Amino acid sequence: MKTVPVLVVALVPTSLALAVAFGSVDLGPAQLADALLGRGDEIAREIVWGVRAPRALAAFACGGLLALAGALLQVLLRNPLADPTILGVSGGAAAGALAAMLLGVAAAGLNLAALAGASIAAGAVFAFSLGRSGWNPYRVLLTGVALASGFGALVGLMLSLAPSSQVQGMLFWLLGDLSPAGDPSAALLVLAACAALAFSQSAALDALILGEDKARSLGIAVKRLQTIAFACATLATVAAVLLGGSIGFVGLVVPHLLRLSGVHRHGVLLPLSACLGGSLLALADTLARTAAAPAELPVGVLTAMIGVPVLLFLLARLR
Amino acid sequence: MLKAEGLAISIGGRELVRAFDLTLAPGECWALLGPNGSGKTSLILALAGLRSPQSGAIALAGTALAAYPRKEIARRIAVLLQDEETDFWGSVLDYVMLGRYPHSRSNWRRDEEGAALARRWLAELDLADRAAQAYRTLSGGERQRARIAQVLLQDADILLLEEPLQHLDLRHQAQVMRALARCASGGKTVLAALHEPGHAARHCGFALLLYDAGRASLGRSSDMLTQANLEALYQCSLEAAGTGSFLPS
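Chains A and B are the protein sequences, given in the same order.
Residues 12 to 330 (our numbering) make up the first sequence, in order.
Residues 5 to 253 (our numbering) make up the second sequence, in order.
This is chain A alone, in the form it adopts within the complex (with noise of 0.2 angstroms):
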């Protein structure tokens, strides 16, 4: 099965070009060309490397965090129903984002505000699980899908609290939203970091699904293993939500649908998966963007109404 890889590689810079070139203003080819070589219409230019460029990186890179995320918890928590939601992380983020409109703070206390309310799940979900004989995935599972349900349950009640002129922007948070995305390059950095560390531990982790024991006889250390893991799986998904809100579905259906085509090993499943999850969440965002110009839909409807279909056909496909 090397035509899968392949595929994925040369679907990230179509990807990205399809970002670019599409949007709710119409460039025509010859016009979207000079743009991009830097000539010719500033107005042009600016749309192109100035606004489309920017988010369709941002698109990329969320998508890929998420995407890692996901394939990094379906192995650690041996559950293949596991996705970055599962820790809490973004109903934690979503709490703090939404008090943070509720209260009227600018846009960067907003993301100051989703980033502490990312870090106290995840610290929960950390002081609960870990033993002393390494991690357990029953309380990491547990603990994560309680946060879930009760920070659902607080971002519930501040929708119902919330004056209606907010509550539009707070949907578009909740559903997962690239506009207010801005400057992709420290989420870039993270998923280039995250990939290369969950990469540097994809052998250990092949191994790893032959369950906790027979991978320390085999030489690996299953709590260092999987604190690295979870550590990394974590980071990426508080990078991700911070960047795009709670965009669902990536996590959870990339690593299936590689894993469906046959690709197995950690060491391709990984980066593939964070290329699979960077491309597709681009391409949803661009459709996003013109679908309903100028009106934007949230991308992740997008990703849910796309990714069902995709991942079931695979299924009835692959009985």
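Don't take every hint at face value.
Below are the BS3-like pairs computed for lysine-lysine, each with C-alpha atoms no more than 30 angstroms apart in a straight line [unchecked claim]:
hint	chain 1	residue 1	chain 2	residue 2
1	B	Lys7	B	Lys75
2	B	Lys7	B	Lys192
3	A	Lys234	B	Lys7
4	B	Lys75	A	Lys234
5	B	Lys75	B	Lys192
Below, a sample of chain B positions facing chain A; criterion: calculated Cβ distance under 7 angstroms [to be verified]:
hint	residue
6	Lys75
7	Glu88
8	Gly94
9	Tyr105
Calculated from the structure, these hints are not laboratory results.
Quantities reported herein were computed from a predicted structural model and do not represent experimental measurements.
Built from N, CA and C at the ideal position, the CB exists for glycine as well.
Please arrange chain B on chain A, whose structure you already have, making use of the hints.
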């Protein structure tokens, strides 16, 4: 050389092993026999450094086992576990190649030498034509042989095996026992938990009997595997079976 002194193991308040001394030397093949629940698994996990005993010391080549880094232990001690998670999605060869983990260095280069060794072990255990097949699609007995191939590929000096013969047909039971005996005669140490005294008598020079109440006795197989000892061990009377009882020659 793996040495246990004054070992005590209890699980759930039940004492399985008490004040127990054992020295496993290079070239020795040990059969570990005992009824269900007598502590065979717990003993193997303790000797492999996967569980710490309640008391007593385990030393590998004169140094406390707990003082070794995991990877160093894995180069010296390989373990076949009775139960294993089965959701491995890769091929049989991928599966067996996990046994190379303690020896591998690079994430980037394919380990050609390891792959060649893995194929050799697969061939030795009649799985040569299964190498590219998905591990999940193997039968129980084939899976067991792939698991043994993985342990052998690990190429440790000491092999600790929990029920290596489970799920295997007669021919493959003998094949696995011969492979283990060859490892021992090549200078490795083998300790295998078995439920077949016939195989133990034929292939293992030494036997360790774990009785129900935390009592153990050990010695040469020829002295240990007597009818009286086995009757006491399994708490039932035994008789030489007539027709229908065979061991592969």
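Proposed proximity, lysine 75/B with lysine 7/B (alpha carbon, max 30 angstroms): Holds, because 19 angstroms separates the two Cα atoms, which is no more than 30 angstroms.
Does the CB of tyrosine 105/B sit less than 7 angstroms away from some CB of chain A? Interface hint status for tyrosine 105/B: holds (5 angstroms vs cutoff 7 angstroms).
So, as I understand it, the hint says glycine 94/B touches chain A; can you test that by seeing if any CB pair is closer than 7 angstroms? holds (4 angstroms)
Satisfaction of hint between lysine 192/B and lysine 7/B, Cα-Cα up to 30 angstroms: The given pair, whose Cα atoms are some 15 angstroms apart, holds under the 30 angstroms limit.
Minimum beta-carbon distance criterion (7 angstroms), glutamate 88/B to chain A: holds (5 angstroms)
Hint lysine 75/B vs chain A: min CB-CB distance below 7 angstroms? With a closest approach of 4 angstroms, the lysine 75/B hint holds.
Restraint status (C-alpha distance of lysine 75/B to lysine 234/A at most 30 angstroms): The hint holds at about 14 angstroms.
Distance restraint between lysine 75/B and lysine 192/B, which requires alpha-carbon spacing of 30 angstroms or less: Judged against 30 angstroms, a Cα distance of about 19 angstroms means the pair holds.
Hint check: lysine 234/A vs lysine 7/B, CA-CA at most 30 angstroms. Holds or violated? holds (27 angstroms)
The structure agrees with every numbered hint stated previously.
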